[in-house]
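A.B. asks: Chain residues, written in single-letter form:
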Amino acid sequence: MESFWSMLTDPNAQWILLGCMLLGLCSGVIGCFAYLRKQSLMGDTLAHAALPGICIAFMLSGTKSIGLFLVGAGIAGLLATFGIGWITRYSRIKSDAAMGIVLSSFFGLGIVLLTQIQHSNYGNQSGLDKFLFGQAASMIGSDVTIMLIVSLVIVAACTLLFKEFKLLSFDPGFAKGLGFPIALLDQLLMFFIVVSVVIGIQAVGVVLVAALLITPAVSARYWTDRLGVMVLLSGLFGALSGVVGTWLSSTTVSLPTGPVSVLAQTLLFGLSLLLGPRRGLLAKRLTHRKAKLVLQEEQRMRATVSGKGGVDA
Amino acid sequence: MQRTTEALTAPPLAISGLSVAYQKKPVLRNVSFQLPHGELVGVVGPNGAGKSTLIKAALGLIPKLAGEVQVFGAPSASQRKLIGYVPQRESVDWDFPTNALDVVMMGRYGHLGWFRRPGAKEKRLALECLAKVGMADYANRQISQLSGGQQQRVFLARALAQDARLYVMDEPFAGVDAATEKAIIGLLQELKREGKTVMVVHHDLATVKEYFDSVLLLNVEVQAFGKTAEVFTTANLAQTYGGRFAYLNQQDAEMNESGAASGIGRG
Numbered sequence: 001m002e003s004f005w006s007m008l009t010d011p012n013a014q015w016i017l018l019g020c021m022l023l024g025l026c027s028g029v030i031g032c033f034a035y036l037r038k039q040s041l042m043g044d045t046l047a048h049a050a051l052p053g054i055c056i057a058f059m060l061s062g063t064k065s066i067g068l069f070l071v072g073a074g075i076a077g078l079l080a081t082f083g084i085g086w087i088t089r090y091s092r093i094k095s096d097a098a099m100g101i102v103l104s105s106f107f108g109l110g111i112v113l114l115t116q117i118q119h120s121n122y123g124n125q126s127g128l129d130k131f132l133f134g135q136a137a138s139m140i141g142s143d144v145t146i147m148l149i150v151s152l153v154i155v156a157a158c159t160l161l162f163k164e165f166k167l168l169s170f171d172p173g174f175a176k177g178l179g180f181p182i183a184l185l186d187q188l189l190m191f192f193i194v195v196s197v198v199i200g201i202q203a204v205g206v207v208l209v210a211a212l213l214i215t216p217a218v219s220a221r222y223w224t225d226r227l228g229v230m231v232l233l234s235g236l237f238g239a240l241s242g243v244v245g246t247w248l249s250s251t252t253v254s255l256p257t258g259p260v261s262v263l264a265q266t267l268l269f270g271l272s273l274l275l276g277p278r279r280g281l282l283a284k285r286l287t288h289r290k291a292k293l294v295l296q297e298e299q300r301m302r303a304t305v306s307g308k309g310g311v312d313a
Numbered sequence: 001m002q003r004t005t006e007a008l009t010a011p012p013l014a015i016s017g018l019s020v021a022y023q024k025k026p027v028l029r030n031v032s033f034q035l036p037h038g039e040l041v042g043v044v045g046p047n048g049a050g051k052s053t054l055i056k057a058a059l060g061l062i063p064k065l066a067g068e069v070q071v072f073g074a075p076s077a078s079q080r081k082l083i084g085y086v087p088q089r090e091s092v093d094w095d096f097p098t099n100a101l102d103v104v105m106m107g108r109y110g111h112l113g114w115f116r117r118p119g120a121k122e123k124r125l126a127l128e129c130l131a132k133v134g135m136a137d138y139a140n141r142q143i144s145q146l147s148g149g150q151q152q153r154v155f156l157a158r159a160l161a162q163d164a165r166l167y168v169m170d171e172p173f174a175g176v177d178a179a180t181e182k183a184i185i186g187l188l189q190e191l192k193r194e195g196k197t198v199m200v201v202h203h204d205l206a207t208v209k210e211y212f213d214s215v216l217l218l219n220v221e222v223q224a225f226g227k228t229a230e231v232f233t234t235a236n237l238a239q240t241y242g243g244r245f246a247y248l249n250q251q252d253a254e255m256n257e258s259g260a261a262s263g264i265g266r267g
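Residue numbers (UniProt numbering), protein chains in the order written: chain A, 1 to 313; chain B, 1 to 267.
Chain B extracted, bound-state conformation:
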């Protein structure tokens, strides 16, 4: 009982002093932040800034040099059922002999535990999740026959099937078609309405203001973190992206002139 109340008040994800290195090269240095409840949070930074590493370290998938990760007030290892994870689409071989429904049911494996096979209940839930991402008609489709965007939606449906309270997504918008982008946005909004917290690694600076309540600017260290309106400024972006300051500045000026939100290219 005590733990449930704690879980309700403790931040969905609290990271303090996190450092990660591959071989000797530091990828993350002294990263600390706390995600607020029920928000869509974007993680933005240049290539090699450690965005994916941050996600993997937060989930305990890779070893960390130092620091602490807490999910709803407890170490992430003990809170796995509260976390939904959407890995990068390229991280798996889509020629694997399985269909979309089967992949979505994998989201239930953690709840099923050892040895138990997914049954009718899991199937029904997986179909519901597929329907939520507009993929109900593709349930029995072999996964290699899905387009990139459809594959991404299958991954999202799998995370939905996890029925988590904190969702962590690694570049769900990378290389998807307009229909999928729309489906993902709809889904993120729905998760937010349900009071869930979603952290999304994002590449497209042009859409950050539109999509996310808060934003984390990352380049090995945390450059800025807070409400998008306050933090997503030219100065902060220049600091995060370093050498591309002039380019961004110019883009920003152009964007302000035209008032269009589609000026800034991919970071």
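Isolated chain A, as found in the complex:
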């Protein structure tokens, strides 16, 4: 507990804590809609696609500016989304295969460029490989300010457009029939996913960032049958994991913040899977057992009744 206080009072750790919390919160919220639209893997694709964007931004500018990296990653992410959309629209390939193709080719390109950078004489390329696995400890005040703005925008948009996003996720055909601009809402949701992925890359890296979108949403689904509650819980789970990750890594020197956050989310998921009311494994086992006992009781009753009947006759 003492370590928790020391983390809260250390100004450097405060930024990291706030950053990881905000990141968990906004990816948790937007991840719910991605999950319900069966686009969980979209986050993964976008994250992997971001790598060549980051490399090209570095090669063009020659500096390690986070802002430029975000622009590069964002553009690459958008290109990947369009690529997937284009493939699914103009070929018979389904979206999972299209995502696989786009994800791996972008990531492959990213690794090629990264190796290229490391073997040529860019002065300050060290640390670029941090984008592969992330380094939350390198976050500074300006990064966290960007995260704060992004989180506020995403949470505000999801609150304002809750009804629209809900309808889009449940029944897009009906939403279109009502006259809602489905393509626009769809693009907006995708844009939010891209942005939350891009701000998450610095903390957890391109490989793990998808976990921030998927895991809290899936965990939250186990606890509720209401979308509003699910979105809240998912945001909460994400933020909590961010805090746990920062805390554990601040107490132990060799623990990386981002990956520990992801592991904390996995733990939360495990608990939800086990203990969730009605949907959880334990609840399912219990209801099954109860039903079995009731059935056995009924059969025993019937057996005694018919047995008596036989004696009477």
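Just so you know, the hints here were simulated from the structure itself, not pulled from any lab data. Careful, some of the hints might be misleading.
As the list claims (entries may be wrong) - Mimicking BS3-like on lysine-lysine, the simulated pairs with C-alpha atoms at most 27 angstroms apart in a straight line are:
| no. | chain 1 | residue 1 | chain 2 | residue 2 |
| --- | --- | --- | --- | --- |
| 1 | B | 81 | B | 121 |
| 2 | A | 163 | B | 132 |
| 3 | A | 94 | B | 24 |
For clarity, every value in this text was computed on a predicted model and none was experimentally measured.
Dock chain B against chain A, hints included.
C.D. replies: Just chain B, lined up with the frame of chain A:
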């Protein structure tokens, strides 16, 4: 004012020269018809005849190659509040975290417009609609815990909540229990009494004569359209269903012999 009078006299749905293709394969070719006011109209045809496509194109959900769709005398895009839509039940994931009442309230989203959330008024209306389809007791039930028929009734209640004047339903009778079928029929009759027009994609040839005032026989092109008594003939059905002529003919003969309305199987 002018538009209201126009809307009252113009046909609920007028389609002319509608053609739709998926990739290169034409699914609908030069479809033209006008729905009469206040009737229950069945759309019948074999699998792949373009029945669902017709509905989706009429609502503007999918792009059309050519043709024009007018709803009460204006393009359907500007008349959305006059159209109630019941999609196929399989078109959504019923494991979505929401309850029956919430789904029915979605019928009000178009009237609410952007940003506004449904409130007490919408809730009351949604409960009324649920009651009309005999689902009042299930308002707070998570939708995955409803039977197929109950889910279908929730979709119908949602369309009722739209308070439309033209209803378009995509196979509401597919795979439902007897209670639901009865509830749907009761509802269709009530809509008709209220002067509303209902177009229903239908699969069960045996019940067409019983349920619908008019019928549209469709197989890529319109094969026949008119009053059920005049159009729903063996010859027209044979033309619509093509190769299954002999089968249908035989069924029809059997049906006439026994006088029962339950002979013909699903098209």
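A.B. asks: Does each hint fit the structure? Answer for all of them.
C.D. replies: Okay, the hints, checked on the actual structure:
This hinted pair checks out: residue 81 of chain B and residue 121 of chain B have alpha carbons roughly 18 angstroms apart, not beyond 27 angstroms. Restraint check: the Cα-Cα separation between residue 163 of chain A and residue 132 of chain B comes to about 25 angstroms, which is no more than 27 angstroms; the hinted pair holds. The suggested pairing of residue 94 of chain A with residue 24 of chain B holds, with an alpha-carbon distance near 18 angstroms, which does not exceed 27 angstroms.
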